[in-house]
Amino acid sequence: MSRNLLAERETFVVGIGFHQYQRKSKTTYVTLGLTAARAALADAGIEWTDVESAYNGTALLGMGSSRIMLSRLGSTGIPMAQVENASASGSTAVAQACMEVASGQSDVVLAMGVDKPRGGLGAAPGQAGIENLEGGTIVPFTHFALLASEYMSAHGVSAEEVAAVALKNHRNGAHNPYAQRQKVRTMEEIMAEPISGSMTRLQCCPVGEGAAAVIVASGEAIERLGIDRTRAVRVLSSVTRTERLYGPGEGIDAALTAETAGLAFDAASVDPKEVDVLEVHDAFSIEELLYTEALGLCAPGEAASLVASGQFDLGGRCALSPSGGLLAMGHPIGPTGTGQVAEITRQLRGEAGERQQPNAKIGAAHMVGIGAVCVVHVLQA
Amino acid sequence: MQIGPPIVIVGHRCTRCERVAFPPDPYGCEQCGAEADQLEPVELSARGRIHSLATVHRHHDDAMETPFTVATIVLDDGPSVKAVLIGDLAEAAVGTDVVGVTEATGHDDDGIELLDLRFTPAGALSEAVTS
Ligand SMILES: [Zn+2]
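Chains A and B, in that order, are what the protein sequence lines are.
Here the first sequence is numbered in the working numbering, starting from 1 and rising by one per residue.
Here the second sequence is numbered in the working numbering, starting from 1 and rising by one per residue.
Be a bit skeptical, because a hint or two may be false.
SDA-like, lysine to any residue: derived pairs with alpha carbons at most 20 Å apart [claimed, not checked]:
(1) A:Lys183 <-> A:Arg201
(2) B:Lys82 <-> A:Val139
(3) B:Lys82 <-> A:Gln127
(4) B:Lys82 <-> A:Lys361
(5) B:Lys82 <-> A:Ser153
(6) B:Lys82 <-> A:Lys116
(7) B:Lys82 <-> A:Gly129
(8) B:Lys82 <-> A:Glu134
(9) B:Lys82 <-> B:Glu103
(10) B:Lys82 <-> A:Asp313
(11) B:Lys82 <-> A:Lys183
(12) B:Lys82 <-> A:Leu245
(13) B:Lys82 <-> A:Glu351
(14) B:Lys82 <-> A:Gln20
(15) A:Lys183 <-> A:Asp313
(16) A:Lys361 <-> A:Ala372
(17) A:Lys116 <-> A:Gln20
(18) B:Lys82 <-> A:His143
(19) B:Lys82 <-> B:Pro67
Every beta carbon over 12 Å from chain A, so not counted as near; a handful from chain B, in silico [unchecked claim]:
(20) Pro6
(21) Val20
(22) Asp25
(23) Glu30
(24) Thr66
(25) Asp77
(26) Gly78
(27) Gly87
(28) Asp116
Quick caveat, the hints were computed from the structure, so don't treat them as lab data.
In this text, a Cβ means the ideal position worked out from N, Cα and C, and glycines have one as well.
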């Protein structure tokens with residue numbers, strides 16, 4: 001990244017909105033998406049006619065989903081595009097919106113994500129014509145079960161210590177009305193129902209449906225439209241990286257996150273240890289440990305004991321996955337990354353109610369996607 | 001489990017940057033960008049060490065009988081592979097040496113037996129051979 005435009009033109013999240021993440025239902029994606037978009041406009045206190053451009057993160061809906069949805073806010077003729085970046089689609093929608101505002105091309109941009117499950121994910125890498133030894137045996141939860149095996153063996157960590165991530169995130173999700181799973185769980189419940197390796201059902205995220213939206217705006221737009229500046233949250237940096245080649249057996253997922261986060265925190269002039277609230281890609285419990293370390297919040301092998309001792313609880317040194325994360329809030333694919341930025345915004349505004357991290361000033365959102373991509377946003381109250 | 005002559009795995013070696021990779025790739029070198037015609041087949045020994053392992057309890061494909069165990073194996077010749085482990089796995093752990101074996105997985109339309117590559121702990125295999 002040769003230039004951080006976000007350092008040159010102040011860019012803010014000024015509105016957030018959700019449709020609850022939930023199991024697949026008869027609700028159309030149009031209803032899901034409009035619910036989130038209308039909520040974000042109302043939260044910002046602006047009109048649809050103030051919005052100059054829209055990016056819609058979606059991986060599963062098929063082509064051309066945005067206009068038929070957003071035209072029900074009024075056919076204003078603004079540019080719209082679907083953004084697909086696997087699990088990070090909604091993060092990339094936010095990244096595009098931030099770049100468009102920071103560049104000066106627009107003052108007010110909608111970034112959102114909406115998806116509904118369909119049979120399988122239809123991921124392109126499986127169609128690349130490259131045959132592996134493992135055939136169809138290594139699905140995502142087994143990939144992460146293998147990483148859990150490696151982590152537990154390398155650091156002398158127990159399966160229960162890894163599962164403590166899920167215990168925490170289900171507890172956080174119980175206070176989030178937009179979460180798909182809103183139940184406090186016991187360790188016995190978390191450890192029941194093995195899926196793969198030490199990963200159990202409640203240590204794997206649910207993939208349902210839902211929508212999330214944020215309004216990204218410039219300082220000029222805040223003045224011109226009379227938006228409440230005290231509730232605007234500044235985006236300090238937005239960095240996307242893709243996987244490189246690493247040594248045999250080296251942790252690809254953690255290495256990619258470390259590189260992306262390093263660039264994002266540098267661009268934001270933030271020390272990762274200063275982060276008060278962090279949403280990470282905890283699709284599987286082990287991931288939160290790997291990424292927390294890779295993001296630089298603690299040393300390799302330390303995250304498990306820090307989670308177990310409550311340091312990453314709400315009220316701890318940094319609240320990890322205050323929304324409940326992918327594990328409890330859910331992972332409807334397209335919305336997830338946008339939803340993370342919305343949750344961090346809510347936390348930095350001090351409006352998260354029962355799941356509020358006290359005195360949160362700096363937050364970050366981290367997503368990874370198959371393919372393999374990583375997106376990190378750093379935000380400041 | 002079928003034990004025969006030592007199994008080799010065919011990967012590729014890039015003639016431009018020397019990177020050895022598995023699986024062989026029809027498109028090009030992920031390290032230096034050399035085109036596919038600059039990649040040559042290379043035989044890799046089906047011997048390595050378990051880097052991580054997991055027993056799969058649930059699988060979406062009903063044809064895969066659960067539980068089964070998979071591992072990431074760092075081959076002695078460099079690349080790492082993921083594969084199914086079979087045989088006596090009581091002692092299998094991170095760091096265990098493993099070797100490739102074949103397992104019959106059915107027959108094709110012409111009635112020819114299909115074999116798939118699996119890995120098994122090297123210690124258990126040498127006992128099986130000597131007993
Ligand atoms: Zn090469």
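Now the hints, each set against the structure:
no.: 1; hint: A:Lys183 <-> A:Arg201; verdict: holds (14 Å)
no.: 2; hint: B:Lys82 <-> A:Val139; verdict: holds (11 Å)
no.: 3; hint: B:Lys82 <-> A:Gln127; verdict: holds (19 Å)
no.: 4; hint: B:Lys82 <-> A:Lys361; verdict: violated (43 Å)
no.: 5; hint: B:Lys82 <-> A:Ser153; verdict: holds (18 Å)
no.: 6; hint: B:Lys82 <-> A:Lys116; verdict: violated (31 Å)
no.: 7; hint: B:Lys82 <-> A:Gly129; verdict: holds (17 Å)
no.: 8; hint: B:Lys82 <-> A:Glu134; verdict: holds (6 Å)
no.: 9; hint: B:Lys82 <-> B:Glu103; verdict: holds (16 Å)
no.: 10; hint: B:Lys82 <-> A:Asp313; verdict: violated (35 Å)
no.: 11; hint: B:Lys82 <-> A:Lys183; verdict: violated (36 Å)
no.: 12; hint: B:Lys82 <-> A:Leu245; verdict: holds (17 Å)
no.: 13; hint: B:Lys82 <-> A:Glu351; verdict: violated (46 Å)
no.: 14; hint: B:Lys82 <-> A:Gln20; verdict: violated (37 Å)
no.: 15; hint: A:Lys183 <-> A:Asp313; verdict: holds (16 Å)
no.: 16; hint: A:Lys361 <-> A:Ala372; verdict: violated (30 Å)
no.: 17; hint: A:Lys116 <-> A:Gln20; verdict: holds (12 Å)
no.: 18; hint: B:Lys82 <-> A:His143; verdict: holds (9 Å)
no.: 19; hint: B:Lys82 <-> B:Pro67; verdict: holds (17 Å)
no.: 20; hint: Pro6; verdict: holds (17 Å)
no.: 21; hint: Val20; verdict: violated (10 Å)
no.: 22; hint: Asp25; verdict: violated (6 Å)
no.: 23; hint: Glu30; verdict: violated (6 Å)
no.: 24; hint: Thr66; verdict: violated (9 Å)
no.: 25; hint: Asp77; verdict: violated (10 Å)
no.: 26; hint: Gly78; verdict: violated (6 Å)
no.: 27; hint: Gly87; verdict: holds (16 Å)
no.: 28; hint: Asp116; verdict: violated (8 Å)
Violated hints for the displayed structure, listed by number in ascending order: 4, 6, 10, 11, 13, 14, 16, 21, 22, 23, 24, 25, 26 and 28.
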